[in-house]
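So the sequence lines, in the order shown, correspond to chains A and B. Here my numbering is used: the first residue of the first sequence is 1, the next is one more, and so on. Here my numbering is used: the first residue of the second sequence is 1, the next is one more, and so on.
Just so you know, the hints here were simulated from the structure itself, not pulled from any lab data. Mixed in with the good hints, there may be bad ones.
One copy or two, either will do: identical chains are not told apart, so a pair holds if it fits within one copy or between any two.
To be verified - Only pairs whose alpha carbons sit at most 25 Å apart, straight line, appear in this in silico SDA-like list of lysine to any residue:
1) Lys322 / Met344
2) Lys366 / Ile326
3) Lys223 / Ser11
4) Lys43 / Asp290
5) Lys324 / His276
6) Lys223 / Gly208
7) Lys366 / Met1
8) Lys175 / Leu236
9) Lys322 / Glu49
10) Lys43 / Tyr307
11) Lys322 / Phe125
12) Lys175 / Thr114
13) Lys223 / Glu6
14) Lys43 / Gly277
15) Lys43 / His9
16) Lys324 / Asp240
17) Lys43 / Ala323
Residues per chain are reported as follows:
There are 2 protein chains.
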Amino acid sequence: MPVSFEVIHRSQENQGRVGRLITPHGQIDTPVFMPVGTLATVKTMSSDELAQLGVGILLCNTYHLYLRPGHHLIQRAGGLHRFMNWPRAILTDSGGFQVFSLAHLRTVDEKGVTFRSHLDGSTHFIGPEESMAIQEALGADIAMAFDECVPYPSTYEYTAKSVALTSQWAERCLKVHRREDQALFGIVQGGMFPDLRRRSALEIVQMGFPGYAIGGLSVGEPKELMNEMLDVTVPLLPEDKPRYLMGVGSPDYLFEGVERGVDMFDCVWPTRLARHGTAMTGDGRIIIRDAAYAEDLGPLDPRCGCYVCRNYSRAYLRHLLKAKEILGLRLVTWHNLAFLLELMNAIRAALREGRFASLKASFLAKYYGNTKEGFSGSRRT
Amino acid sequence: MPVSFEVIHRSQENQGRVGRLITPHGQIDTPVFMPVGTLATVKTMSSDELAQLGVGILLCNTYHLYLRPGHHLIQRAGGLHRFMNWPRAILTDSGGFQVFSLAHLRTVDEKGVTFRSHLDGSTHFIGPEESMAIQEALGADIAMAFDECVPYPSTYEYTAKSVALTSQWAERCLKVHRREDQALFGIVQGGMFPDLRRRSALEIVQMGFPGYAIGGLSVGEPKELMNEMLDVTVPLLPEDKPRYLMGVGSPDYLFEGVERGVDMFDCVWPTRLARHGTAMTGDGRIIIRDAAYAEDLGPLDPRCGCYVCRNYSRAYLRHLLKAKEILGLRLVTWHNLAFLLELMNAIRAALREGRFASLKASFLAKYYGNTKEGFSGSRRT
Chain A
1 MPVSFEVIHR SQENQGRVGR LITPHGQIDT PVFMPVGTLA TVKTMSSDEL
51 AQLGVGILLC NTYHLYLRPG HHLIQRAGGL HRFMNWPRAI LTDSGGFQVF
101 SLAHLRTVDE KGVTFRSHLD GSTHFIGPEE SMAIQEALGA DIAMAFDECV
151 PYPSTYEYTA KSVALTSQWA ERCLKVHRRE DQALFGIVQG GMFPDLRRRS
201 ALEIVQMGFP GYAIGGLSVG EPKELMNEML DVTVPLLPED KPRYLMGVGS
251 PDYLFEGVER GVDMFDCVWP TRLARHGTAM TGDGRIIIRD AAYAEDLGPL
301 DPRCGCYVCR NYSRAYLRHL LKAKEILGLR LVTWHNLAFL LELMNAIRAA
351 LREGRFASLK ASFLAKYYGN TKEGFSGSRR T
Chain B
1 MPVSFEVIHR SQENQGRVGR LITPHGQIDT PVFMPVGTLA TVKTMSSDEL
51 AQLGVGILLC NTYHLYLRPG HHLIQRAGGL HRFMNWPRAI LTDSGGFQVF
101 SLAHLRTVDE KGVTFRSHLD GSTHFIGPEE SMAIQEALGA DIAMAFDECV
151 PYPSTYEYTA KSVALTSQWA ERCLKVHRRE DQALFGIVQG GMFPDLRRRS
201 ALEIVQMGFP GYAIGGLSVG EPKELMNEML DVTVPLLPED KPRYLMGVGS
251 PDYLFEGVER GVDMFDCVWP TRLARHGTAM TGDGRIIIRD AAYAEDLGPL
301 DPRCGCYVCR NYSRAYLRHL LKAKEILGLR LVTWHNLAFL LELMNAIRAA
351 LREGRFASLK ASFLAKYYGN TKEGFSGSRR T
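Chain A extracted, bound-state conformation (with noise of 0.2 Å):
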């Protein structure tokens, strides 16, 4: 078994659990958060990097891939590790989420998807078989089982057909996927029904996957909905496999998911949003080039203790903002990685010492104060 999984503890609050998840390049600790190298690159950051913030594990989007610079160049690297000079985990998407975002670009039938390159309008085919082949060559640590994930809102019809073609192609990459070294994750999909949910997990469940991600969350929905999906389709994956809430990132969404048992989360939103010049902090967002912080001479954040809070100003960062240094980029990005990943590490102590609840009242009133954050409005790409 390439891949293998503990729980360590149990929360007795909730139905969270503290893990550990073991693959061929390292540890991890869960409930752990992924940052998304979508191109084989964490935007604006170094594989080093990473490392020293200690990143675990990875995910890379194998649409992305197979487009540019192409799955057979980087098998011919030597796989995606050594491409990009990541020594820890890695865990590739089925390209499938992507293929879908394409909308008017793709046609779908039982074969699988056939789709437009959104880089130069070019016609590719990937099923179930052609998406396992790319993993294979790319050479994560975990694949993931190629689904399809509808969009919100989809008519029950629709979800309904859709839940038997995820069933359908996920027995037909368990089939093909052959490497030894690469666990092949399950996807349980079934849109916004909590029966479709439940017979998507009996589905998926009953074929054996060493680990179960949740798709077609976070897409759009109401969290009181993502909830109800939650709740009704955690109880249905096995205790001793890991869980993967798929496109979640925000801090209010980790708190949900982790509560109800999921192990592994994604999302692009704290590098995104660095991206786009916005820090967090444990008192919420800040927009740096903000005016008020021209002068600031004080931290992103003062009760943080990462490489950027610990030596440089919010007035030097929005400097670099607002004069379009790269550097600004880089270090926001850090700094947005840095405090995710710590509050995995807080979220992670908290269930072991028995004061998620305390913990979760307390960070969501501060982060998001008064103002009610709504859908974090972004996803892996």
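The hints should help you fit chain B onto chain A, whose structure is shown.
Structure of chain B alone, referenced to chain A:
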């Protein structure tokens, strides 16, 4: 004396020397190349990375920092070192070169230069007194006298007047410069006229600065003309003071300067080249975006031991640049700086070991090959 200089070794082959520049923020082996951090950041790089590369001194631009974020803010932040988190030495230029580059946006009289900001068109005035006040607020280890850098070509009459103005301004700079922990260097001008170069050198040297720059070269003239001006000027500068050739950073020009006795250089050349996707290698420059490197799994420069060459392939770097990933710009900048710093190490060793001429011949033959590289086309901005 805030900055002192000692000559450690004099070449037997030429006028070159190995020296040591001692500043309040560390000692620097000379001849030295100073990377340019125009806006209080060497574009794409962090200050830690520069330290890791062995950079001992940076140049920052007074004109740019005066306009944004403003020298008052930097002063309140504790000076440029603290503002940009750079514990080693800094040299600021006088702002003169940039102001004169504004061409139709400025008018000159004896008092100084009235100019319009390239950012918002607002009107400003900088004369010798203002340049000193700004540079003292920035707080670099070395400040430069406010001078007029004449364009190439200029008439004899214009250049002669400019030499007189530069001398007058240098005296005014000396008179108002107060900061005891900052050295003020004089600048020799004189365009492409040997007698004006001599006159300027004699006048400036008589004022007794702790270091001397040679300005107004590498502004578009043929290399032979620059060499001729250096041959006229350098012998008139005191042996025991550092000599700084402004705006020079391409390998051939560095060799020319070093063998004529220059100790310090600065240029945006290697970092700007990098951001345009060109890497410097022992076998010449390579344009990484070229299709030729798409499948090239070797390092940028097989003989380079830098972080980038040890860890990344040309194919990966090309992928990053094609995809407009910031990490690509960072890594090529890193390599080019490493390459140039290593060249300076090699030059110092060759001076000490009496094999400068042989290093120059072999390096330039390999680097430029059969192509004739003229003026580098770049300067500090």
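Hint by hint, here is what the structure shows:
1. Lys322 / Met344: Neither: 31 Å inside a copy, 34 Å across copies.
2. Lys366 / Ile326: neither (30 Å within a copy, 33 Å between copies)
3. Lys223 / Ser11: within (22 Å within a copy, 74 Å between copies)
4. Lys43 / Asp290: both (23 Å within a copy, 23 Å between copies)
5. Lys324 / His276: both (11 Å within a copy, 16 Å between copies)
6. Lys223 / Gly208: neither (29 Å within a copy, 72 Å between copies)
7. Lys366 / Met1: Neither. Shortest intra-copy (42 Å) and inter-copy (52 Å) distances fail the 25 Å Cα cut-off.
8. Lys175 / Leu236: For Lys175 and Leu236, the Cα distance is within 25 Å only inside one copy (23 Å; across copies 82 Å).
9. Lys322 / Glu49: both (24 Å within a copy, 22 Å between copies)
10. Lys43 / Tyr307: both (18 Å within a copy, 19 Å between copies)
11. Lys322 / Phe125: between (43 Å within a copy, 23 Å between copies)
12. Lys175 / Thr114: within (22 Å within a copy, 75 Å between copies)
13. Lys223 / Glu6: neither (29 Å within a copy, 69 Å between copies)
14. Lys43 / Gly277: Cα proximity of Lys43 and Gly277: in one copy and across copies (14 Å, 18 Å).
15. Lys43 / His9: Classified as neither; 34 Å inside a copy, 46 Å across copies.
16. Lys324 / Asp240: Answer is neither; intra-copy 47 Å and inter-copy 41 Å both fail.
17. Lys43 / Ala323: Result: close both inside a copy and across copies, 19 Å intra and 11 Å inter.
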